[in-house]
Amino acid sequence: MKKHANGSGRLPDRQLKSVSYAKWGYFFIIPFFVVYICFTLVPQFLTIYNSFFENYRDGLNEIGPNYVGLDNYETLFTADSSGTIRILKYTSNTMVMWFIGALPQFVIAMLLAIFFTSARLNIKGQGFFKTVIYMPNLIMAAAFSMLFFTLFSRVGPIQALLVEKGWIDASFDFFSHRITVRGMIAMMNFLMWFGNTTIVLMAGIMGIDQSLFESATLDGANAWQVFFRVTLPLLMPIFVYCLITAMIGGIQMFDVPQVLTKGNGAPNETTRTLVMYLNGYLANKNYGMAGAISVIIFIVTGALGGVVYRMLSAQYKDSSRQRRQRKGDVI
Amino acid sequence: MISDNTKGKVKLTVLRIIVYAILAFLVFLCLFFFYLMIVNSSRSNAQLASGFTLLPKENFFTNLKNAWNDASINIPRGMLNSLIIALATAVLTTYFSALTAYGIHAYDFKGKRLVFTFIMAVMMIPAQVSALGFVQMMNELDLTNNYIPLIIPGIAAPVVFFYMKQYMESVLPLDLIAAARIDGSGEFHTFNFIVLPLLKPAIAVQMIFSFVSSWNNYFIPALLLDKAELKTVPIMIAQLRSADYSKFDMGKVYMFILLAILPVLITYILLSKSIIKGVTAGSVKG
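From first to last, the protein sequence lines are chains A and B. Just so we're aligned: 88 in my numbering is position 88 of the first sequence, and the numbers increase by one with no gaps anywhere. Convert by adding 331 to the 1-based position in the second sequence; the result is the number in my numbering.
Next comes chain A alone, as it looks inside the complex:
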């Protein structure tokens, strides 16, 4: 339909060909869908299904599965004997730790992206800097976390150094204070992700039409004005994309706090995340509760993912339209 707009004489026979070959498309996409349905879609429905059943182990006995309607969800949002609603506590733990890491992540990534793309500053050695700051992103989170544990433990070298300098008391324990454990987790997340964000934002800035910067400068705009009036508004879609994907990543926070705190979220469960909560129920085979938590996480990531989807497909349509137009020009 769109192709008719080009008015090319060759079109009818090309369409004829594409009609006779079209069915081949199905063969190419079959493996993807068979695997997706078997290993993701069916498990997804099973997960949701489980959330309506009571099904757990009590010692050696398996209780259920008995249909209980929304009871698991009700339990999830009911305060326990100490008066805390655990899912809310873990959600807020996750959000707080995500935020302490993400704030410097985005501020520094933004700064670096501006530094690296500034023709006036003309930063040398960019290849080296980018290589170094991106490196932690590929490091196994579990191993990175274990490394932090050994370095900051009571017998670790950082503790020894700080005691030697007289900055902390010998009895100080990094793992018994909420602020230090959360700080370490946030720091690891920051180190793992700021390089990635920098590189994506840089690509975004470089994708902006350079003549806009030039004309803004010619019109007498200073560096701040150029940034806030030109760069930032044009970078907004990519910035929001980074932010939302970072949030989705934040909700999945698991490896780092799990390994760092041996899965107990010490001190006093203040570093226990939502997925650690889920993992606990999965490990104990409490499928009803695990199902209910999964559904909650699914809804939250689904909502955030929806925003990403809309941005990606808008951008995608734009770029393929441009490409078609360019091709059209040539013909």
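If you're looking for bench data, these hints aren't it; they were derived computationally from the structure. Hints are supplied without guarantee of correctness; some may be wrong.
[As the list claims (entries may be wrong)] Each computed BS3-like pair below joins lysine-lysine, with the alpha-carbon atoms no more than 27 Å apart:
id, chain 1, residue 1, chain 2, residue 2
1, B, Lys342, A, Lys130
2, B, Lys531, A, Lys130
3, A, Lys23, B, Lys342
4, A, Lys262, B, Lys340
5, B, Lys443, A, Lys317
6, B, Lys531, B, Lys388
7, A, Lys317, B, Lys441
8, A, Lys124, B, Lys608
9, A, Lys165, B, Lys388
10, A, Lys23, B, Lys441
11, B, Lys531, B, Lys604
12, A, Lys130, B, Lys604
13, B, Lys340, A, Lys124
14, A, Lys124, B, Lys338
15, B, Lys342, A, Lys124
16, A, Lys317, B, Lys531
17, A, Lys262, B, Lys578
18, A, Lys130, B, Lys608
19, B, Lys558, A, Lys285
Following the hints, put chain B in place on chain A, whose structure we already have.
Just chain B, lined up with the frame of chain A:
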């Protein structure tokens, strides 16, 4: 009298110094902990107990030998297991993502738009939210302690699919496919021998990324593998954390961590340029 020009130059120099200082600090932060890891992996347990140092010692190979031959944590086996899973996943993910992307890129079949929309829509859903059903199903099918559930799902990787689709749109003209048909090339033959070679750069980058994410994956394997000889590296590292700490030779612990990240680190050092290029290509472009 200082002209505006010199004032501007002084300002720029000061700005540059600040920027380089910030960069130096960040480089320090990124490397410091890993440097300590390498230093400490060369110190004996007694040397480690003596405190902090920035200077490597002579026990690197002793620690390596001890870690490699450790009775409770079989790290060479773990690395082999991880390698098998990660390599197989990388090959399947890239091949089938390219295959799926090609199916949608090259053919105008009915429902194509719906299929594409569906894959895009599920792209952001994390594996954790279907983990329960997944684990339950694998239990039912007796596929726990088996690598199939860790490798085969890689065939359906929406993010890699999207990357391949975008790549094809920039390098793969449909006329080429038509020309191959005229030459009598079958559809799968065209894909395997004409299209795939054109996608080499994209395949290389995505193979690295899927290898790395499979090598580092902890959540799902930890739920499915409990036989010692099948465990992967991240599970072993986590096990290290739960072990009784006071009984451990710390030099060995640092060596375990080093071994866990070494394959990825080496790959990165060799291929950092193309890896960094690949980071941006998959995301939104300006």
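Each hint tested on the structure:
At roughly 25 Å between alpha-carbon atoms, Lys342/B and Lys130/A fall within 27 Å of each other, so this suggested pair holds. With a CA separation close to 24 Å, the supplied pair Lys531/B and Lys130/A stays within the 27 Å bound. Between Lys23/A and Lys342/B the alpha-carbon distance is near 65 Å, which puts this suggested pair outside the 27 Å criterion. The straight-line distance between the Cα atoms of Lys262/A and Lys340/B is roughly 54 Å, outside the 27 Å bound, and the hint therefore fails.
Between Lys443/B and Lys317/A, the direct Cα distance comes to roughly 15 Å. Compliance with the 27 Å bound is thereby established for this hinted pair. Only pairs whose Cα atoms come within 27 Å are accepted, and Lys531/B paired with Lys388/B is rejected, the gap being roughly 44 Å. Of the supplied pair hints, the one linking Lys317/A and Lys441/B holds, its CA atoms being roughly 19 Å apart against a limit of 27 Å. With a C-alpha separation of about 18 Å, the suggested pairing of Lys124/A with Lys608/B holds against the 27 Å cut-off.
At roughly 23 Å between alpha-carbon atoms, Lys165/A and Lys388/B fall within 27 Å of each other, so this suggested pair holds. Between Lys23/A and Lys441/B, the direct Cα distance comes to roughly 8 Å. Compliance with the 27 Å bound is thereby established for this hinted pair. Of the supplied pair hints, the one linking Lys531/B and Lys604/B holds, its CA atoms being roughly 16 Å apart against a limit of 27 Å. The suggested pairing of Lys130/A with Lys604/B holds, with an alpha-carbon distance near 9 Å, which does not exceed 27 Å.
Straight-line distance between C-alpha atoms of Lys340/B and Lys124/A comes to about 17 Å, which keeps the hinted pair within the 27 Å bound. Simply put, Lys124/A and Lys338/B have alpha-carbon atoms about 22 Å apart, close enough for the 27 Å limit, and the pair holds. A C-alpha spacing of about 18 Å is found between Lys342/B and Lys124/A, which places the hinted pair at or below 27 Å, so the restraint holds. A C-alpha spacing of about 25 Å is found between Lys317/A and Lys531/B, which places the hinted pair at or below 27 Å, so the restraint holds.
Between Lys262/A and Lys578/B the CA atoms are separated by roughly 17 Å; this keeps the pair inside 27 Å, and the hint holds. Taken as a hint, the Lys130/A and Lys608/B pair is honoured in the structure, with Cα atoms around 11 Å apart against an allowance of 27 Å. A C-alpha spacing of about 18 Å is found between Lys558/B and Lys285/A, which places the hinted pair at or below 27 Å, so the restraint holds.
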